[in-house]
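Those protein sequences? They're chains A and B, same order as listed. Just so you know, we're using UniProt numbering here: the first sequence kicks off at 1 and counts up by one. Just so you know, we're using UniProt numbering here: the second sequence kicks off at 1 and counts up by one.
Since the hints were derived computationally from the structure, they do not count as laboratory data. Heads up, a few of these hints could be off.
Treat identical chains as interchangeable: a pair holds within one or across any two.
What the hints assert, rightly or not - List time: in silico EDC-like cross-link candidates among lysine to aspartate or glutamate, alpha-carbon distance up to 16 Å:
(1) K196 with E63
(2) K218 with E342
(3) K227 with D118
(4) K14 with D199
(5) K81 with D143
(6) K317 with D118
(7) K313 with D85
(8) K316 with E25
(9) K196 with D347
(10) K313 with E343
(11) K313 with E286
(12) K330 with D2
(13) K156 with D347
There are 2 protein chains.
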Amino acid sequence: MDTINSISYPVIFKDTLTQLVNFIEQGNYSRFFILTDEHTGEHCLPLLQERLEHLNNSYDVIEVNAGEESKNIDFCAGIWKMLIDFGADRHSLMINLGGGVIGDMGGFAASTYKRGIDFVQVPTTLLSQVDASVGGKTGIDFDNLKNIIGTFTQPKAVFIEPAFLQTLPQRQILSGYAEMLKHGLIQDAAYWSELKGADINAAPAPELVYQSVAIKNKVVVDDPFEKGFRKCLNFGHTVGHAVETYSLLNDGSKHLTHGEAIAIGMICEAWLSHKNAGLTTDELNEITTVLNNLYPRYELDETCHSVLHSLMKTDKKNQNGNINCTLLNKIGECSIDHICTEEELCDSLRYYAGL
Amino acid sequence: MDTINSISYPVIFKDTLTQLVNFIEQGNYSRFFILTDEHTGEHCLPLLQERLEHLNNSYDVIEVNAGEESKNIDFCAGIWKMLIDFGADRHSLMINLGGGVIGDMGGFAASTYKRGIDFVQVPTTLLSQVDASVGGKTGIDFDNLKNIIGTFTQPKAVFIEPAFLQTLPQRQILSGYAEMLKHGLIQDAAYWSELKGADINAAPAPELVYQSVAIKNKVVVDDPFEKGFRKCLNFGHTVGHAVETYSLLNDGSKHLTHGEAIAIGMICEAWLSHKNAGLTTDELNEITTVLNNLYPRYELDETCHSVLHSLMKTDKKNQNGNINCTLLNKIGECSIDHICTEEELCDSLRYYAGL
């Protein structure tokens, strides 16, 4: 349980900060840059800087505002500008120290600066450790669409440090937990069973994080550019992404975390799976109960259906205007490219609303 | 002389518009988009649209302003927005119909939209046909730096149509001619000799364009990510890019074309080659005479040296703050990674100024 080998890079779970420092030392980089936000700058950066004290390499810290609202082209341009001003050349290294926003946007900025400089991911939230850390997706939001602009670019390494999870609020832990539950639902029934009984008030055991990364990694290694089966990771995300965006756009409602929105999406898409893909009534009830108990309720009345449907139509996995869903055949097994109609999708929202 | 096979795609020289239409028909694209500027929209698009009339596929035209000033993140965002508004999905195709700005920016927009959609290049200027058409470099200017943001992404095909060159002003022909002369200088003495005696008042014969693409292609296929010898294509560009940017920034002077600036750069770097890399006095004189006769003079007095040197320091091929030049060992042969000092670079500018 030390290292997982991904597409072209290692995901390191043991002695991560020491190994990160070794990586920097051995990489012969002209200089390096640490991208943080105010949270990771306060809680995570000091742990890393302690280890960097004896290094000869000079580095600079680039801090952006925390939160999804920062993950746009203006903040990305700010990172590019800092890299230019700090004299970053093609032999520079970017260290993305943070959650999904830092990893996605830092990866995008690095993959496009001077046509690409090396970067490593140091995910500091549970969500980014189990989800964004492998797969090579970089991106920013644009025109109110999540990750609509980005690249497939692999990091040089990923460092998963359990200590960073200790400072996370419970709500952030729960957000990451949703992706772990998804990994169980789409690929591993035993893992789902183990997780649904776990204590989710604290950070999960490192073994559980490792297992989630291993499940996701197997999928992305087989399909790095999301031409086929990688779309299985999209379970819960067709509806979930739309609900998440809706909650961010709609000032009247509270903003959902990614995991809270995906939990709603998984309930709706489990209902669609029951209707169209063979998921049994018992399994649907089990999934619904587990997720509905873990995650807060969110109001989705009829008035928001047309907005949500429009948002679903912008999903990157769609083709020819049809909305493509990944559905469960049973717990632990799924299939991709199920075309769902507007009526079916709205019915799934009604199922959630009626719980 | 029909097709050159590049990194992962063909460069097509024969029946190009017919072959482009075949490519679209066979590609099973959900829809396609043609990126133009007002010049190619007027002079080139009608030739293509004639052929598209019988196609069933629907398409949209996206037009941006012509000129290097448009090659920035704002115009790129405009292209992204149009793609979203037109409902472009991952199975869409972008056809970049234009010169270097259209090809570079259209390639960047396509390579980052939804993490990458297919694109083809249809270069319409001599410069873009012999230079930007192969190599997979996409990019935009940012913070007054040319192509500082971009990706290495290969097009699906390149279509080189001689008819488009017939509508080009003489100054644009001459601009492309500079890159062709460079191809001879760095790789093929016989080609240099043939070119220096050619009539450059008209578009060059298709065979000459083919030869230039073949020389460049051989270099980029061996080194797609510019880790090593591909830097040979940079001959004339360390000084030339700085002079070009200077001429665009400096309102008091006229704007140089890329070729005009590169011609100055090649004279300066031929002088550096004589000093540091073995180029003989006779060869230096020959290169200087040919280029100085073909291209207009440009004033570069002492006052601009420090600005030019600062601009050279931002070159993407530099490392550890040193300025890296590609120099000629003799006509038809070059070597990369010559570190040149500020004094040497300024002396080379003085050599040009003193002609």
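Okay, the hints, checked on the actual structure:
For a Cα distance limit of 16 Å, the shortest separation of K196 from E63 qualifies neither inside one copy, at 37 Å, nor across copies, at 53 Å. Taking CA atoms no more than 16 Å apart as the test, K218 paired with E342 passes in neither setting, with 32 Å inside one copy and 52 Å between copies. Taking identical chains as interchangeable, the C-alpha atoms of K227 and D118 lie at most 16 Å apart only when they sit on different chains, with a minimum of 13 Å there against 25 Å within one chain. Proximity of K14 to D199 under the C-alpha cut-off of 16 Å is found in neither arrangement, the shortest distances being 23 Å within a copy and 67 Å between copies.
Taking the shortest Cα distances, K81 and D143 sit within 16 Å of each other only across copies (7 Å), while inside one copy they are farther apart (22 Å). Taking the shortest Cα distances, K317 and D118 sit within 16 Å of each other only across copies (15 Å), while inside one copy they are farther apart (28 Å). Taking the closest pair of Cα atoms, K313 and D85 come within 16 Å of each other only across two copies (12 Å); inside a single copy the shortest separation is 40 Å, beyond that limit. Taking the shortest alpha-carbon separations for K316 and E25, neither the intra-copy value of 39 Å nor the inter-copy value of 23 Å comes in at or below 16 Å.
In this homomeric assembly, K196 and D347 never come within 16 Å of each other (Cα to Cα): the closest approach is 26 Å inside a single copy and 73 Å across copies. In this assembly of identical chains, K313 and E343 lie within 16 Å of each other by CA distance solely inside one copy; the values are 13 Å within and 59 Å between copies. Taking CA atoms no more than 16 Å apart as the test, K313 paired with E286 passes in neither setting, with 29 Å inside one copy and 62 Å between copies. Taking the closest pair of Cα atoms, K330 and D2 never come within 16 Å of each other, the shortest separation being 31 Å inside a single copy and 54 Å across copies.
In the homo-oligomer, the alpha carbons of K156 and D347 never lie at most 16 Å apart, since the shortest distance is 44 Å inside one protomer and 41 Å across protomers.
In summary, the numbered hints that this structure violates are 1, 2, 4, 8, 9, 11, 12, 13.
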